[in-house]
Structure formats: C-alpha cells, structure tokens
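Produce the entire structure from the sequences given, and follow the hints as far as they go.
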Amino acid sequence: MNRQLPRTLALLLMLVITAPLLSGCWDQVEIEDRALVLGLSIDKISAEEVQMEDRVTHIHDGSLPAEMISVTAQIAVPGRVPLGPGTGGGSAGDSKTSPVWVVKVHGISLDDAMNNLQQQIADPRYLVHLRIVIISEDIARGSLAELNDYLRRNPEIRRRTWLLVSEGRASAFMDVNPPLQRVPTLYILSMMEKSVSSGKFPRDYIGTFWSADSKWGQSAYLPYVALRNRDNILIEGLAYFSGGKMVSKTAPIEIGGFMAMMGMDPGGYSTMLHTGNLGIVMTQINERFTRTRSEIRDGKPHLSYHIFLEGDLDEHYSSDIPIDSPLKLREIERDFEQQIQTVLTRLVKQTQKDHSDIFGMGEMIRSHHPAYWKEHVHDKNDWESMYSSVGVDIKLTLHIRRVGLKHK
Amino acid sequence: MNKPRQITTLRAVAVMSSTIIGVGILSFPRYMTEAGNTSAPFVALSGVLISFIIYWLLVSLCQRFPQETLFVFSRRLIGRPLAAVFTLAIMLLFIVLTGLTVRQFGDVATTVLYKKTPIEATIFLMLLISLLSSRRNVLKFSYIHSFYLPLIVGSILVTILISLKNVDMLNLQPVLMAPGVKFWNGARQATYLFQSSFVVVLLIPLMEKPNHAVRAGAWAIFMSGAVYVLIVIASVGMFGAEETKLLIYPTLEMARSAAFGEGFLERLDAIFIIIWVISVFTTIYTTYYISAYLLHKLLRLRDQRMASSVLLPVMFILAMLPSNVFETYRWSLHLGNAGMIMMLGYSLLLWTVYLIRRHGKKVPS
Amino acid sequence: MQDWKDKYTSYLHKQQASSPQPASGSQLTGNLKTDIQELLARLGENGDLVVRDFQLFGTHQAAMIFFSSLVNTEQVREHVLKPLMARPSEHPGMPDQAAGMTHYIWSTVVQVTQGTTTADLSRLPPAAVKGDLILLIDGVPEALHLDMRQIEMRGVEQPQTEQVIRGPREGYVEKLENNLSLLRYRLQSTDFRIEISPLGTRTQSRVALCYIDSLADSALVAEAMRRISMIHTDGILDAGYIEQFIEDQPLSPFPQVQSTERPDKTVAALLEGRVAILVDGSPFALIVPALFNQFFQTMDDYTERFIMGSLIRIIRLIALACSLFFPALYVSVISFNPELLPTDFAVAISGGRAGVPFPAVVEVLIMEVSMEVLREATIRLPQMIGGALSIVGVLVIGQAAVGAGLASPITVVIVALTTIGSFATPAYNAAIALRMLRFPLIILSGMFGLYGGMIGTILILNHLLFLESFGVPYMSPFIPGKWRDLKDTLVRAPLWWMRRRPSFLHTQDSDRLPRSVPSRAIDQILRQGDEKNE
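Protein chains in written order, with UniProt numbering: chain A, 1 to 408; chain B, 1 to 365; chain C, 1 to 534.
Treat the hints as calculated values from the structure; they're not laboratory data. The beta carbon of each residue, even a glycine, is placed where N, CA and C say it ideally should be. One thing to keep in mind: the hints can contain errors.
[To be verified] Quick partial rundown of chain A residues pointing at chain C, CB under 7 Å, derived from the structure:
hint	residue
1	Leu15
2	Cys25
3	Asp27
4	Ile31
5	Pro78
6	Asp111
7	Asn115
8	His129
9	Asp231
[What the hints assert, rightly or not] Stretch by stretch, here's where chain A covers chain B in the computed footprint (C-beta under 8 Å, at least three residues):
hint	stretch
10	235 to 242
11	252 to 258
12	320 to 328
Set out below in structure tokens:
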C-alpha cells in the first residue's frame, strides 16, 4: 500500500495536468463552417471613390497611404456544390444557387481588406484553398511589395497559387460564369493548369514569381489575362516586371517565343507563316530544346541561344504546290527560322528597352562568371539597368518531322 | 535469453541518425544559404565533416573503455568531483537543448498548423510522450529509433526526389565560392545539429561491437549529413539563394510546393508534417533520455522513471522562456556554441589525462 | 501426476544435466527394466505416454508402451491386453522358453492386422509416435510392435473463427485427448513432447504443454513452465484463463499470446520453435511467444503459392492500417487541416457536410459506436437472424443517417471502410485491439488534429516496441530485426527460400532446410542432369 500511494498520487497529478488539454479543440473548425476563399481579385481605387473605410484595423487614416484597394473574394458556399458527378446540375446560371459567394470589400492593404471582409461574413475565412489571385494591371504597375509581403508571410498561402494580371478590372473575373465548371475560380485554375500541360504557358506559380523576383539576375513575369464575351478568359501574354513593377506585356505568340528561348517543354503554339514559295503554312511545335552559352565580350556580357524545335506541319493554307519532299519541308523550316528569329529578337529588344530580364540572363552570368558578377552587380537594379546593353545572339533550328495524314 | 550486449552497429547508426534529423531540418537551408549563398551545400558538407571530427575525438576515447559509459570512466580519469561537474554541465546542456528544441517545434506548429492551439499544449504533449517513452532501458530506446528511422529518411528522400524535378541547376552555380569567415561560421552552425550524436556514449557499453562506435558514428553522421545536404541542394535549387534567405522555413515551403502531378496527391505537406512530427519526437526523445539518464546517475536515483518525471516541468518552463521566434533561434545558436566548446574542451581534457596516465602506467610495467 | 512446479524444476535439472544421448542402433537387452528405461529416455517426458506392465499369461513380466493419444485404448484392452493377460491354462501351446514367445503371441494371441518384431531399440520410438503399441517381454531381446493407431476424430469440425480456403479443415474440440491426437497425428516426431498436469485447485483441469524438444529454446520452455506453475487459481475453464495469468502485460490492448483453433497452425508454430498450451475442455490452443507479425498471417498464406500469399498479406496490412487510422485521419482533415485535400474535393466535402449538426469527431464517434454495437449484436445471434439484422443495421446506419442529416455520406463511407478493414484482420483478438484503439485516436485527432493523431500513433507504436512476449520483443522481426527473418513478414517468401527458422526464437536447430542440397526439386533435377552430361 505504501509503495502504491506515491504512484497513485503521481498519476492523479498527471491527470490534473492533462485534463485542461481535453478542453482543447482550439483549432477545430469544421470544413463546412469555414469560409474557404477560392479566389481573390484586387483592384485599385482612388481615395475619393471611397470615403468610408470600415475601420476594422485602424482608426485614423492620417499616416496611412491614401491609395486604397478593392478586394473581391470568391467564397465557396457549402452545400451548393453537389457531391460527386453532376446530379441534375445545369443550374449554373441561376444566381440563387450559385456555388460561390462573391464578397467585395475595400481596404488600404490586402490584410486590411481581408479583415474588413472577415467583419462582414460569419464564418472564419481561410485562405488555405486560395488558388487564384487576380490583380488588375493598375495594381501590377504599382508596387507589389505590400501584396507580396502579406502573401509570403501568411502560412495559409501556398506557393502553387496562381497570380494573374488582368486587363481591365480584376473583379470582373470573379463574376464569370463558365459552363464547364461550377466554381469560376476552379475553372480559371484548371484553365491555367491545362495551358501549362499543353505547353501554352510556363509553369509560373506565385512561388516562381517570388523566386524570380528575389533573384538579382532575373526579372519576374506573370500571366496576363483578359475577358472576352463576358465569360471567356484569354491568356493575352506575359506581363513582365522590372524593379518589382509591371512594365509591359507581350503578345500571346511571344509566350511561345519566350518558352522556346527558355527551352520549356512541351511546345504548344502553332505558328502561321508566309513562306516564299509555298504560300501560307502553319506549323505546330511539339518539343523545344535550348542550348545557351554565355561569355564576357569586351567587358560586356554576351549570350548566345541556340534553339532546337521539333514540330509538325499543321496546315497548308493554299495547297497549289504540294509539300511532298524533304526539300520543301526544309524550305518551310528555313522561312520559319528566319521569321521567328526576328520575333524573338524583337522580344529581347523590347524587354531590354524595359529593363526586364525575364529570361534570367543575369542568373546565367552570375553562375558562370561569378567574378564579373561580383565586380559589377551589387543589387537587382544594377543588373536590370545593365541588361539593356547585353548582347544576345539567337539561332533557331526547326525540324519538321511529320506532316499529318495528308500526303501532299 | 537476454544477452547483455544487444545493440548492433546498425542500430547505433539508427539511433544517432534519427536523433540528428530533427527540428532543425526546416530552417537549415536558410542558415546555410546565408553563410554561403549558392555554395550552401558545401557549407553544410564542411559542417558535416567538422562534426565528425568532434565526434571522433570524443568517441575514439570512449572506445578505449568499452565496458563503461563516459560518465563512469571519466571519474577514474579526472577524479570524482571534476567528473561530476562536467556531467552536470552536459546534463544542463541537454536539458536546455530539449527545452529549446521543443520550443522551436511548438513555434512551427503554431505558425503553420494550429494558430489557436496554445503553444503550451503542443509542447506539453510532445514532452509528455517523450517522458512516457524515456522510462525504459537503453535497449528499448534503441528499438524506437531504429523503427522510425526508415520512415523518416524514406519520406524525406521521397519529398526531395519529387522536388528535384523543379530544381534549376543555375540556382546552384557557382558551386564553390572562396570560403570566408561567413562560410566557416555557417559550417559551425551546421555542426550544432549533429551534437546529439553524443548519445552514442550511452550505447557503447551495450553495443555488440563497442569498437565499431566510431564507424557507426561515421555512418550516422554522413547519412544524416547527406540528407541535410540534399535538402539544402533541393531548396536552394528550387528557390534560388536569395529566396531561400527570405523564407523562415525553406524546407517546409519546399514540401508544400512539391506535388505528384495535378490533382492526385496534390498536397505532400501532410505526409511531410507527419514525418516531421516523428523526426522531432525522436530528437527530443534522445535529448530527454540523455538528460534523464544523467540526472538519474548523478543523484543515484533508484530508477530513471523518477528522473524523467522530475525533468518534465523543468523543460516545459525552459521551453516557455524565450519571448519570440528570433530569441529562440538566438538562444539555440548560443547553446550550440556552448555545446561545441564544451564537447571539444571536455574530450581534449580527457584525452590529455588519458595519455598522461597511460604513459605513466606504461613506464612501471 | 507431478504438478507444474515439480515439472518446472525437473525440466531445469534435466537441462543442466544434459543427459548423454544413447548410441543409436543399440539392441534390446532382454532385461525388461533396462529396456523400458532406455526406451523412455528416448521418448522423453510425455504426458500421454502409457507404460503398462503386466503379467503375460500370468508367468512372464511384460510391458506395453504406447501413446494414449494415438491408439484406441478400448481396442488395446479388448484385443491385446485381454488375451495377453489370460491365464496360462487357456494357452496350452505356449512355448516354455521366453525366446519363442513373441512369435507365439503374434501368430496366436493378438488380433491385430499389422505388426512386426524387432530387436533394434532405435526403431521403437519412431514406431511409437506413429501409433504403434510396443510390447516388451522380460527375457526376450525382441519387441513386438503392433499397429493400433486410431486418431480420435469424434466431433472434429471445421474451425469457426479461422476458416481457410485451402488447407486442413480440422479444428480442435473440447476433449484434450482428441486435440493431442490431432497434434501427434500431424507431428510424428520422437522429439515432440507433451507435458500434462492438472491445474486449478478445484477444477483440476488438465493442461498440456507441447513443444519440440530439439527445437524450442529451453529457456522459453522453462519460462512457460515457470509461469504456468505460478498460477494459483481454483478454476481453469478455458485456455483464455491461462492466457490472462501468463501474459507479460495485462494492461496492453494487444494480445501477447496467440490462440488458435487449428492443429495445423499449432504444429507450424511448434516447428518454428514455439510452445503450445492446451487445456482440457477448451477448443483453443495458446501459442507463445506471440508477436505482432503473427496477427495478420493465416494458414492460407502458406498453403497458397507465395506470390498470392504475399499480395493478400499486404492487402490485409492495408486493411489493418485503414481500420486503425482512417477515421482519425478523416476527423483531423475535416476539422483541422482541410488544406490537405485537393480543392475540388474540399469544396465537395464541405457541401456534403453542410447539413450535419455535429462536429466531425462527434459524428464519427456516433457512427463508429453504433457500428460496434451492431457488430456485437450480430455475433451472438443465430446466423440467420444475424444476417437479417446486419442488413437492417447497414440500412439504418447508412441510408437513414444520411437522410436524417445525422451524418454526411462521406462519414458513412469512412466508417464502412473502417469496419470492413477490421474484419480483414485474421486474428480476432488483434482486430479488437486495433478497433478499440481507433477511438482514442479519433478523440486525440478531434482535439489536436493531425498532430494529435500523430501523437496517438507514436504512443501506440512505442507501446508496441516496448512490449515483449515471453522475452521476445513484440515487433520482431521488424525491430530488432534480421534481414533473413523479414522473409516472412509483410510478404511471404517462397517456402524453399525460407531456409532458416526465425532467429528471434533462438531455436536449437536453426535450419529448416538442409544447406547442402538445393531446396527446390527442379534445381536438384537440373543439377543431376548436368552431372550426367559431364
């Protein structure tokens, strides 16, 4: 008995200590009680436009920035998205049964806006399933530092979220009603993911954007999207950045050019070109491979790109002259190489003019010529200003392997 | 049925490796990148080499006393009081180490997983399971480690392999930079992670082949070192050096970005967090066990149970002491420094005395 | 009969004395006393060995030696003992000398179909374990062995709890003799020892301890005897009583003693060097040491070819993991970490749960408990009603609970998977352990999410790693492990590849297959062919 007493006491003490743990469940929030924010869009509004801020996070506006943003969030409504394969379905157009709830708030910063949003909705908001953030071009052309800081700091945000720059108002994207998917954001998401897997766009998540933004020898870029016919979303090009601000955008075909320069597979773009003898043809690029060489020539960095492409003949616009011999294919290849080379050179020139090294040429110099880099580059600005004077050679080699089912 | 020496060399390797791979894994790439930019893998590698040298210094001495632990033969070498002082110091070191490690764990858990769960609860639970498990003998202690090690190493390797797909070799170049003060500082910091390989001291008297202790340590340090180096390579290669410096837990971000294709197994961080909890447990378990063992020997308690129960509140309070994340990290760096100095100093002292004594003995014989 | 304490001490003495093995091929001396002693030494200590000495025809000293579990004692009495014990007057033609006695007995007295005489002592023990009755006569350097073998098969049925697709269909019955004869019939080795003694001050139930003398670790046998000898209770009604007295950790949910209804399984365990304990009146044998590994193995794994056996074993393990972790994982993902789900699925699940009033923990607990109740209810019912009830139960729990908004459809799926998973674990007591352990896991997950579940899992795993069964670590051969022992764990290696017995049992003879010859017939044939060609 005597020996048992201390043990019993110890056990009791243990129970007393552990008992408070049982009252736990601190973080328990059922999935249907969470406001899962699936998508966000951020627009800029001037201070005059909105006088009333909700004052959830602060009282005095005095020392805070005057510019305000408007954030539109798309929140999944539990119960509106039916389980399993569509039973009934088809009610997408009806606003009453919309599977998402679109909430619009204003705020000085994104965090401020999110707090305002929380003040308006009952369920705690969670960003764990945030898949798409769309910012308007105005925002992108301003500084993204605040936005990046919030998103980076927040552990709920994943690096595999997409950050898109929109033409016009970003909030319009939150209202699209695509027939293919019940949830608009998920539609945009699957569109981006599929464009990656079909070679239409580089794998450019927000994490990639951040990494590029941090690197001294590379400038960041983002997908640039636009709305067509109210519900259709078009990838309109790359929005590229310099010094953390968007400077310009490319044409859609130049995305293909960019991917070719970077040697990103699979190829997804078709090119329509006017050949000398054969009229107009279209080629589809399937594989890309790029060999890059860097050197310091006369105290200046110089890069040469050799791009190998493999593709098929897609269409022969005016088929008077049959394409039926290697020679003719060779002819198309030559014309293609010449024309695309000019496209690429133009793209490089354009980015050089804008001081935006989306190709990461600086990284190449940094890794292959560390001594030169150490001497000349001391921060990101140094390289971006130096970038405009970098010499670039581009050489293209296209191989057309197949011509489809038609022999001539 | 029970042989006295049952810990095989392989199991000793397992104990050390699973101890070494622990809470530090999340922020390790950041330290290394801060020290060496793109040559971070080399900083880590030299850290591994240095830690092996420290380990070798201590353990090659212990090997000469295959029947006893360090705490027993040190009494004969430098006298009972001095040995007790050093043992006490080592014990304090491991007690603080346990506290800080569990605190770092709690910080991560609170930041990333459970915002509202009080850090006290997370920490207490972790300490509690270490307490419950550290009441057993060394043999069982080694079983636990050898069971969890394959899980830990296997899943970390899988995560790394998946992440390797996104590694851009450019980010890792130039591979070598001229080692400066920063480089060696980083390497020194890397050795802190390997300090718990000290646990082998407890194992030696029970090892099947005590003279394989150094070899076991080499395996353990180089294996876990390889895991660490791979993690550095993967995260620097994935994010680039500059971005890695910005992230507080680069490895976690790496695991969160990794995915097997789209849709299917989209989120590997669940697996990673599970494994990480286990690896933290094995680390804390070891340091807890060493502390309890030493306390039990120092106070000559009847068994280890009492010692380990007494330690729980101490460690809990220690874990609650740092007031913020940065302080925790600063403290653990200081602790690492202290640990390194002490291990080196103590083993050098013991070696000197040992050599003198042996010399003295040899002359008459 | 000795009691268990004496058995234990005498066993220890014997182990220390290490009696010199009698030289094989020794002849019978003709001295009855020494011959019997010699024979008994070879047969060892056995509870079912009968030595019956009697006066042959009232004139000669003679003795019969046989295993009571292998022969029909009734027939022995009727056809052997009775005529042999007849008065000399009934046998006028009886030879005067002892020398012709065996021939006389064989040709005129006993009414047995098969039998031979031999003068070779070493041939007698194998004959005895085969089921022969050995007749020794004083003054005759020759023994008569008569085939009296009859295995008592009365009431032997297919085992209820451990059914197999392919393999023997015999299960134990309540009578100890029957069960022992089932064992002897499968294991006709002279090394097979059965020690029988009563246990229980009031019930005096006969308890049999079986082991193979040349295989089982003597320390293990001694330990088993010691533990049995320490039981002081007034009643042993079933093998389960003994299990509870001799297990290592009564507080552990995991069974540390395996119980089986199958003689073939028992023999397989004996051949690995384990010890089996049978009790009169119980159709279950206890096998020690029992390890975690054994609980997802069935006889089918070995009778079926090894690839199928391995695959099924892996599936069983997945089911086992499902039954333990699935609900906890579900709770923690739903209530704590929904970020771990793919987005589409998360949105869909939150839709399914929209109308459910309870948190996931409560919901899962309600469903799991009602499932357990249903399972428990159907066990005791007659089979026909049981089937009907389970249909009703499934209907109620599945359809109606969802319809009434008590549970979400996904919870029902999870609970169903869990239950089915737990049924796929072959050992009933291990399945119960895992089923019960999932409740603390669910509660921990409900408190701390994935972290809580992980803490629970670590606790369970650590407990398993600390556990021992009769001195053997419970998780062997995983931890502490040897590579070669892993052949019979997650997968079942081909029989011809498992050349050694499990090393963690410290068997006296570690080789299952001889090392010198290729183990597969086809290899030997090929080798012979090669030799011929050369």
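Go through the hint on leucine 15/A and say holds or violated, using the shortest Cβ distance to chain C against 7 Å.
Because about 15 Å separates leucine 15/A from the closest Cβ in chain C, which is outside the 7 Å limit, the hint is violated.
Minimum beta-carbon distance criterion (7 Å), isoleucine 31/A to chain C
5 Å, holds
Are at least 3 residues of the stretch 252 to 258 of chain B within less than 8 Å of chain A when you compare beta carbons?
holds (count 3)
Go through the hint on aspartate 27/A and say holds or violated, using the shortest Cβ distance to chain C against 7 Å.
Where the cut-off is 7 Å and the nearest Cβ of chain C is about 6 Å from aspartate 27/A, the hint holds.
Taking the least C-beta to C-beta distance, is histidine 129/A closer than 7 Å to chain C?
Since the shortest Cβ distance to chain C is 5 Å, the answer is holds.
Given a cut of 7 Å on the nearest C-beta pair, is the interface hint for asparagine 115/A held or broken against chain C?
21 Å, violated
Establish whether the coverage given for the stretch 320 to 328 of chain B by chain A is satisfied; the threshold is a Cβ-Cβ distance below 8 Å, and no fewer than three residues must meet it.
Contact hint for the stretch 320 to 328 of chain B vs chain A: violated, 0 residues under 8 Å.
Would the hint on aspartate 111/A be counted as holding, given a Cβ-Cβ threshold of 7 Å to chain C?
19 Å, violated
Would the stated hint for cysteine 25/A survive a check requiring a Cβ distance to chain C of less than 7 Å?
At 6 Å from the nearest chain C Cβ, cysteine 25/A passes the 7 Å test, so the hint holds.
Taking the closest Cβ pair, is aspartate 231/A under 7 Å from chain C?
20 Å, violated
Under 7 Å, Cβ to Cβ, is where proline 78/A needs to be relative to chain C, so tell me if that hint holds or is violated.
Given a least distance of 4 Å, the restraint on proline 78/A holds.
Closer than 8 Å Cβ to Cβ for three or more residues is the test here. Does the stretch 235 to 242 of chain B pass it with chain A?
holds (count 4)
Checked against the numbered hints listed earlier, the structure breaks hints 1, 6, 7, 9, 12; every other hint is satisfied.
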